[in-house]
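Colleague: So the protein lines, in turn, are chains A and B.
Each residue of the first sequence is one higher than the one before, counting from 1 in this note's numbering.
Each residue of the second sequence is one higher than the one before, counting from 1001 in this note's numbering.
Hints listed in this document are in silico derivations from the structure and should not be mistaken for laboratory results.
Just so you know, not all the hints are guaranteed correct.
Some but not every residue of chain B turned toward chain A, in silico, with C-beta under 7 angstroms [to be verified]:
1. PHE1022
2. ILE1032
3. VAL1065
To be clear about the criterion: a stretch of chain A counts as covered by chain B if any three or more of its residues have a C-beta under 8 angstroms from a C-beta of chain B, and this derived list gives those stretches [said to hold, decoys possible]:
4. 17-29
5. 186-193
6. 199-205
Note that CB positions come from ideal geometry on N, CA and C, so glycine has one too.
Each chain is listed here by its residues.
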Amino acid sequence: MTHVFLGALMSQATHLTRRQRLLRLVGGVAMLVGAVVFFQVSAQLDPMNRAALVSIVMIIVGTGWLGQAARGVTESGAVRELAPLPGPPVAVEKMIGGFVLAWLIPGGGHWLIGRRAKAVLYFVTISVTFFAGFLLADGRNFNYERDAVYYLAYMFNGLQTMVCYLTTQGLERNEPIRFLQLGFLYSAVASLLNVVAMMDFLAICSRAGRTAAVPFSEDLSERQPSDAVADEAIAGDAVKGDVS
Amino acid sequence: MSLSDALLGTLLGTVAPIDFLFLFPLCVAIAIVSSAAHRESVPEILRHAVRSSVMLIVGLLAFMVGISYFAQWILP
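Bound conformation, chain A alone:
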């Protein structure tokens, strides 16, 4: 059940044909033009322009189609399980311990299961962003009584938030700080990025040590012998691609 849930989260991209890309390109441009026209007509008919939300939705859909046309892939296609990773399976105790460690220290879980390169990448990226926010706000963005709402995000980066909270509680905000809002934004986004790292850790744990790359949505009774060969090839590619 766990790997079914994780597999649903890890949907692979589906490649578009030339015709599908062209359709998305034309549709995207038409949607953007339609949004502008709709907005102007709506503004003329209603001074408050209450139907502007429709234009915004059209812009979101249109830019999405243009992005798919430019990249030639869509993320909303068939959901497939990713290839298994090399290495022994991760024990449940190690998985739980790694998850807690990943919450405390960005990349900690990856480090624990031996994926050191990714651990360093996560740690450096998230920590630099987090402490850049700290510096931008001059250390005044970690007061729980004053800015409790930001702790909804900060709580996902356990140790660093704890250290900042304990060391900056006495700081007052008497004079305006120019980049205070950016500081909040940096630290909050960095903490939320740690959620991505934690989920990636869980995904790795679920994929490590598995032997077959069975397409996620495929009925096993309909599998052909050639499918097994293709699965092995995918698994081989995964082994070659692993450098961490």
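Mind docking chain B on chain A? Use the hints.
Modeller: Showing chain B alone in chain A's frame:
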């Protein structure tokens, strides 16, 4: 000054664009971490992160231009 004030102020020419430029490094960080998920090879992660960063920053600029167009109706 809030971030939204900085954004609209930048668009209207009353605030230095430096405030808004600070969002670009954040885009790079988001691109790196989101690229690292589901990928195992670090060179592959970094290659994808460069592409994602460019797309995010271009998207942000497009958003700025879009907001500046709609701001004439939104703002008094």
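Colleague: Go through the hint on VAL1065 (chain B) and say holds or violated, using the shortest Cβ distance to chain A against 7 angstroms.
Modeller: Since chain A brings no Cβ nearer than about 12 angstroms to VAL1065 (chain B), farther than 7 angstroms, the hint is violated.
Colleague: Checking C-beta pairs, does the stretch 186-193 of chain A have three or more residues closer than 8 angstroms to chain B?
Modeller: With 4 residues closer than 8 angstroms to chain B, the stretch 186-193 of chain A meets the three-residue bar; holds.
Colleague: Holds or violated: is the Cβ of ILE1032 (chain B) closer than 7 angstroms to a Cβ in chain A?
Modeller: 5 angstroms, holds
Colleague: Hint PHE1022 (chain B) vs chain A: min CB-CB distance below 7 angstroms?
Modeller: 5 angstroms, holds
Colleague: Checking C-beta pairs, does the stretch 199-205 of chain A have three or more residues closer than 8 angstroms to chain B?
Modeller: holds (count 3)
Colleague: Check, residue by residue, whether the stretch 17-29 of chain A contains three or more positions whose beta-carbon lies closer than 8 angstroms to a beta-carbon of chain B, and give the verdict.
Modeller: Contact hint for the stretch 17-29 of chain A vs chain B: violated, 0 residues under 8 angstroms.
When held up to the earlier numbered hints, the structure conflicts with 3, 4 and fits the remainder.
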